[in-house]
Amino acid sequence: MATESDLVAFATQVTCPDDFDQFWDGVLSGLNGIPLDSKVTHDPLRSTETASVYQVCYRSLDDLEIFGWYAVPAPGDGPFPAVLILPGYKSEPALRRDWAGKGVAALSVAVRGKLPSSAEFNPGYPGLLTHGVEDRETYSYKGVISDCVRGVDFLLSRPEVDASQIYCCGSSQGGGLTLITTGLRHEIKAGVAGYPFLCCFPESMRMLRSYPYDELSCYARAYPDRVEQALDTLRYFDAVNFAPRIECPMAVGIAMEDEVCPPETGYAAYRLLNPERELRLFPNSGHGNAHAYPAWEAAWLQQRMGATAS
Amino acid sequence: MTSAPSSSAAFWEQTEAQLAETPPDITLERDAFYSQPEWDVFRMHYNSSGGHRLYAWFSVPHGDGPFPALVRMPDYGSVHDIIYTPLRQHAVVMNPTYRGQRNSDVLVRAAYPGLLTDGIDSAETYTLLGAYADALRAIDILREQQQVQIGAIALTGAGLGAALALATAAHRSGIAAVAADTPMALGHPTALQPGLGYPLGELGDYLRAYPDSLETVAGITSLVDPIGFAGSVQAPVLMSAGRFDRSLCPLSFAEALAAALPDCDLRVYEGAAEGGGHEHGQVRGAWLAEKLGVSR
Chain A
0 MATESDLVAF ATQVTCPDDF DQFWDGVLSG LNGIPLDSKV THDPLRSTET
50 ASVYQVCYRS LDDLEIFGWY AVPAPGDGPF PAVLILPGYK SEPALRRDWA
100 GKGVAALSVA VRGKLPSSAE FNPGYPGLLT HGVEDRETYS YKGVISDCVR
150 GVDFLLSRPE VDASQIYCCG SSQGGGLTLI TTGLRHEIKA GVAGYPFLCC
200 FPESMRMLRS YPYDELSCYA RAYPDRVEQA LDTLRYFDAV NFAPRIECPM
250 AVGIAMEDEV CPPETGYAAY RLLNPERELR LFPNSGHGNA HAYPAWEAAW
300 LQQRMGATAS
Chain B
0 MTSAPSSSAA FWEQTEAQLA ETPPDITLER DAFYSQPEWD VFRMHYNSSG
50 GHRLYAWFSV PHGDGPFPAL VRMPDYGSVH DIIYTPLRQH AVVMNPTYRG
100 QRNSDVLVRA AYPGLLTDGI DSAETYTLLG AYADALRAID ILREQQQVQI
150 GAIALTGAGL GAALALATAA HRSGIAAVAA DTPMALGHPT ALQPGLGYPL
200 GELGDYLRAY PDSLETVAGI TSLVDPIGFA GSVQAPVLMS AGRFDRSLCP
250 LSFAEALAAA LPDCDLRVYE GAAEGGGHEH GQVRGAWLAE KLGVSR
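Protein chains in written order, with numbering that gives the first Met the number 0: chain A, 0 to 309; chain B, 0 to 295.
Derived from the structure by calculation, the hints contain no laboratory data.
None of these values were measured; they are calculated from a predicted model.
Honestly, I wouldn't trust all of these hints.
Partial list, computed: chain A residues near chain B (C-beta under 8 Å) [to be verified]:
| no. | residue |
| --- | --- |
| 1 | 9 |
| 2 | 37 |
| 3 | 39 |
| 4 | 40 |
| 5 | 41 |
| 6 | 43 |
| 7 | 44 |
| 8 | 91 |
| 9 | 120 |
| 10 | 122 |
| 11 | 206 |
| 12 | 256 |
Just so you know, even glycine gets a beta-carbon here, dropped at the ideal spot from N, CA and C.
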């Protein structure tokens, strides 16, 4: 169990590469050159009186087709606030009709490797976290993060979305991806990162023997001569290096008994956020299972949406 | 082509008959990458009914057996975890998948949402019924594999995994304990109530689109109503439920199921589908360790 003192006392050894911004500027520039080519298909089976549900897909890095669930308030034409919901490591992307019922369009992204975005890239679970980690150009998360960034592009392309009201949230890997995506795309107005994964890789893999971080420990045991190289790659994908680049309000939720993402590492990202940050600690809660978390996340975002969301 | 079973008893009889005529053809391959200093991890493949080739993660502690075994039945999702529990240092652990999940998806690839209603207009085509056969097959495979000698067997799982664990304990003898977290109410009339969240809400979606199918859906899913087979579960059961669960194991169902089980300790928490979360995780871990006679 972590205490608040443990969180404050923890100092990560992760440093930011000198060419961090240059690398990501290059990735974003490359993405801009790929047509979004989005397709939106109404799903009557999943639609309700208050939510029109669509299966969507769009193009991302390496021209991969990325799938998402898109729930839009019904009836009405908008423009609506929109929330980009980023997925956990191995969980399915959630179809969030509840947001549509609150007057908010919700896009839930199945990043590459997840069904049904796995046709051309499928390293598996376990597998994704170490796939191509020898080089920042080949690392799986270059694509995964690109898929999240393109989710912002999708929302910006939609006539029913208020482009000035785009929000982002997710838990676990989705929490880490929320920090990363919000650091890269300043169109996002506020975000909530729950139980954030992808923070402080070197410490996380040492602090725990649980997956997914243990994939990195397995990698280190199997390829000791490549560890330094891999850790250098991971600096480009560590959420603590994106946190200072976030310009909007951001809330971070941390479970103090988290056995998957060490609480200290989420806090390390939190403390690097701009002053418009908020921390919520969930005592006696483990990874992803704080009962109060979903309501807190929704309320915090709705408060930022103001009167726009009902 | 087999005919559709007309009753729960006929369904289970047919399931057993189909498994009996399917040679298991077990293969075990040690995974050097994921094996640890204290235990080996294996990739296990075997056959189930309907021509499905299934996958399981399988871990064996270092040292001389026999070892107790913990089987973690798969939940409702495409991925079933690699071996994860702290008990892996002292017990054989098997995480079997069911047809349609990742690594067991040659013939059918399940969608989430989607699997809960895939083919639900007939018992012959309802894909999810096969998951129950696959759960029984997993225990048979655990007992037949030659890698390690097995002692006491405990089952665990959450959601669908909990329902599969209870079904297995009802249809296989010699199970020492079952830890069932928020068992999915599939098969019970509770699951067909309108307004439930996913995954049970998939049934509501289907019935909203096809309201005339209510009787058919109720009949087909009732083949695997946990309350129907609960009386056959001889093992002690530790069950968790969340008081506000409206998507997986509504409290009224949890209480009815607990009452139908001969030996059940139901713990109700102030939560939803996560059940008791971390708090119950501690209770469950200690309970399973005690039942298996190992330290955590």
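Numbered hints the structure breaks, given as an ascending list: 1, 2, 3, 4, 5, 9, 10, 11
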